[in-house]
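Student: Listed below, chain by chain, are the residues.
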Amino acid sequence: MTGADDRSPTDADVCIVGAGPAGAVTAYDLARRGHDIVVLEAGERLTPEDHHRRMEMWLRPDLERNSFWLDGARDAYTSTGAIDARLNETRVKAVGGTSVHWDANTPRLHEEDFEMNTRYGVAKDWPISYDDLQPYYVRAEREIGVSGADDNPHGPPRKEPYPMEAFRPSYSDSLFAEACAELEITMASQPKAINSESYDDRSGCVGYGVCNACPSGAKYSAEVHVRKAEAEGARIVDQVQALSVEHDQTGDYVESVVYATPDGREYRQEADQFVIACGGIETPRLLLLSDSIAFPDGLANSSGAVGRYLMDHPNVTTTATLDEPTRQSNIGWVSSRSDQFYARESPGPGSYHLTFSNTAKVTYGGAQDRRAPTSPSQILDIVGNPTPDALAELATDPLNETPLGDNLDLPTTDGPPYPISIRGAGEMLPRSDNRVMLDGSRTDSHGRPVPSVDLSDGEHEQETMEHCLGVQESVLTELGAEITGVSTLDGRGMSTHHMGTTRMGTDPSDSVVNSECRTHDLENLWIASSSVFTTGGANNPTLTIIALALKAAEHIDDQL
Amino acid sequence: MTDDQHGATDSVLTRRRFFTALGGTSLAATVYEYGIGSDRSLQSATETQDSRHPASQYHIDVMTAIAEAVYPSAVSVESSFIESRVFGRVEPKPNHFENLLTSIEAVDGHSRARFGGAIPDISPGRRRKVLQSMGVTAVHPNADGTTAEQVRFYVVNDLLYALFTSPAGGELMGVDNPPGYPGGRDAYQRGPDGGER
Ligand SMILES: Cc1cc2nc3c(=O)[nH]c(=O)nc-3n(C[C@H](O)[C@H](O)[C@H](O)COP(=O)(O)OP(=O)(O)OC[C@H]3O[C@@H](n4cnc5c(N)ncnc54)[C@H](O)[C@@H]3O)c2cc1C
Ligand code: SF4
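Listed in order, the protein sequences are those of chains L and R. Residue numbers for the first sequence follow the working numbering, so the first one is 21 and each next one is one higher. Residue numbers for the second sequence follow the working numbering, so the first one is 51 and each next one is one higher.
Think of the hints as simulated: they come from the structure by calculation, not from any bench. There may be inaccurate statements among the hints.
Said to hold, decoys possible - Listed next, with one range per pair, are the computed distances between beta-carbon atoms:
hint, chain 1, residue 1, chain 2, residue 2, range
1, L, Arg222, R, Ser126, 30 to 40 Å
2, L, Ser223, R, Ala124, 50 to 60 Å
3, R, Ala124, L, Arg462, 52 to 62 Å
4, R, Ser126, L, Glu131, 54 to 64 Å
To be verified - Distance condition first, Cα-Cα at most 16 Å in a straight line; then the derived EDC-like pairs of lysine to aspartate or glutamate:
hint, chain 1, residue 1, chain 2, residue 2
5, L, Lys248, L, Asp56
6, R, Lys179, L, Asp426
7, R, Lys179, L, Glu421
8, L, Lys179, L, Asp220
9, R, Lys143, R, Glu221
10, L, Lys179, L, Asp221
11, R, Lys143, L, Glu84
12, L, Lys248, L, Glu204
13, L, Lys248, L, Asp221
14, R, Lys179, R, Asp236
15, R, Lys143, L, Asp82
16, L, Lys248, L, Asp283
All figures in this text were calculated on a predicted structure; none of them were measured in a lab. Where a beta carbon is used, it is the ideal one built from N, C-alpha and C, also for glycine.
Using the sequences and the hints, build the whole thing.
Tutor: Structure representation (structure tokens):
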């Protein structure tokens, strides 16, 4: 997992910061066009064996899932809004970025997502339309390998087939299908960047069922495009943190990125063009950290919009049980979705999509994480925080032995009753006070202020997700299921999608980048990230991130 | 290797670096392909385990005997399963196997000292008593904890991880293709009576 030993700067046409999907695809597309590319990445490279380790970390409750990349001092953050930012559960810093952990669901945004103001009088329109992005969606699907079927009556229009066939629906999808048919809700296959057959030298999915930590390579991660970019001559420097982006005297051009290596040295990487691809939180943070006399509020921030308009995808789940087997957890991914409620009415609840469970109950836990009330640490906890439940447990079962052998505590999905669930994810409207700032009171291991995330739901998100819960309840009731749990937005954590913090627009006074993803303020500074999304829609962002990165790469190529 | 790892100052293993540290000491990764068996017998269907794993036959035998005590009696355990799925897997963290071996020795030592014989020589019920008397069944798993907590973490939870990610464990849990086991893409489409709907 060693990168090149030498982390000092080299000649480059383009310097890209961040090696997640956005940075890696940009690097590959520009390298194959013959340009010299340097990518600076804060995280480490992982080996195939590391992915097996990650699988075990994912499946064992006694191991921390994110400990393979997390560096608490480097990755500190502050969360001030009603929504817990839980940042270090929703991102990965490694070569490949967060796609090392993603679920690889790759729906496109819908046409209306680009025209929210024209159609519904809310938020702002993007300066580009679905039609403008459609050819790049096609290329993005081919680049990462998407399995899917053109079977979604409420999905966005498609001109080209998916590169691979869709996965077949699950048995539990067939249970949902009957209930949905009764309620006239259409289901469709879930497009995903997981191989349904071998594709691009990677094997088809073999059913490990641990897709967040897929060890087989059947799930796309941006490590694929890192390898391809390197094969085209790009240089990927791992374990280097970009500290600031420096511009020339006039404030028209970026000249260099200052970065720190693991041995504590600082270097300055120069290039003709610069791309920031650090994800939806670290991208605005890096710009805010790069303030100067010309840009006192942060680089490329003459609009004041850098860090503002943060959006995620609020989501709710209803869990239930059925008397008949639901066959959960025999595969790791979702196979079916519904976009029946994506098209919104105005006024009224916003867009959301539904997904139907294949993994309603996990198969880890049980005796693996049984924590006896008499264990020393538990007693200390109980003494420190004597809740009635904890005291009662301690009193009634002082030994609380974990049974082994025939009475082993199994995390069973066996029934009856059998588990099942429906999840829905919806849109959040951009609001300027939902934002990423710098926390002046705390610094990271490089002495830089940590990001401070302030995110809260508004009435629109509440209304949208309440509607979604109503639909979930009717489907499960139609199915004859007994509802056992309903999640609400209260006390929720931020979703894994971070959008809007350097938004795209035509007006430099209220947006950060133009329709080409170039900053309004600086001639040679580009952003590849969901941070450019003007609105977030209700669909997973990464295919759109990659489509936009391919589009930006074309514009950068024109400049070189 | 990174620059700072050449220096003597690199004494603190940060979390972010633990994979890197492992790179120098880990066993070569093996190709993880297990045969798909649905009976309750745990054996490695293919000989894919790395012969350079750190466990001696003694450790494998003791661990297999402990497995017979930890797993429900419906599951029959072969030492080849323990060898490939416990010791032949990619080491999850630096020193994991070393600590596992120490913990296995601790269980066997306790058995010899207090239960009159080595773990493989006493009954599965007595082996459970050994674990109980060490306190293993009443503590939280903790990699850096007391001996009992470490036995719980390294011995018991390694065994449970191997069980829960195998078809035999899956059968106990009501899952044909449990997470962590590359059992293909038929099971999720199958209905309870074996057919698709
Ligand atoms: C559990 C989980 C499930 C997900 N499932 C899905 C899904 O199904 N579908 C979907 O579309 N999306 C999903 N996502 C989100 C998806 O992973 C992200 O949208 C995607 O990875 C974003 O790509 P990116 O390249 O913009 O950013 P990232 O992948 O986050 O990469 C950014 C990179 O920049 C690096 N970096 C940051 N700051 C600096 C700096 N100062 N200097 C140097 N490097 C820096 C980071 O180390 C990181 O490697 C999921 C995320 C998670 C956590
Ligand atoms: S089910 Fe497929 S995608 Fe998921 S972990 Fe297994 S091989 Fe990877």
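Student: Which hint numbers does the structure go against, in order from smallest to largest?
Tutor: Violated hints (numbers, rising): 2, 8, 9, 10, 12, 14, 16; every other hint is consistent with the structure.
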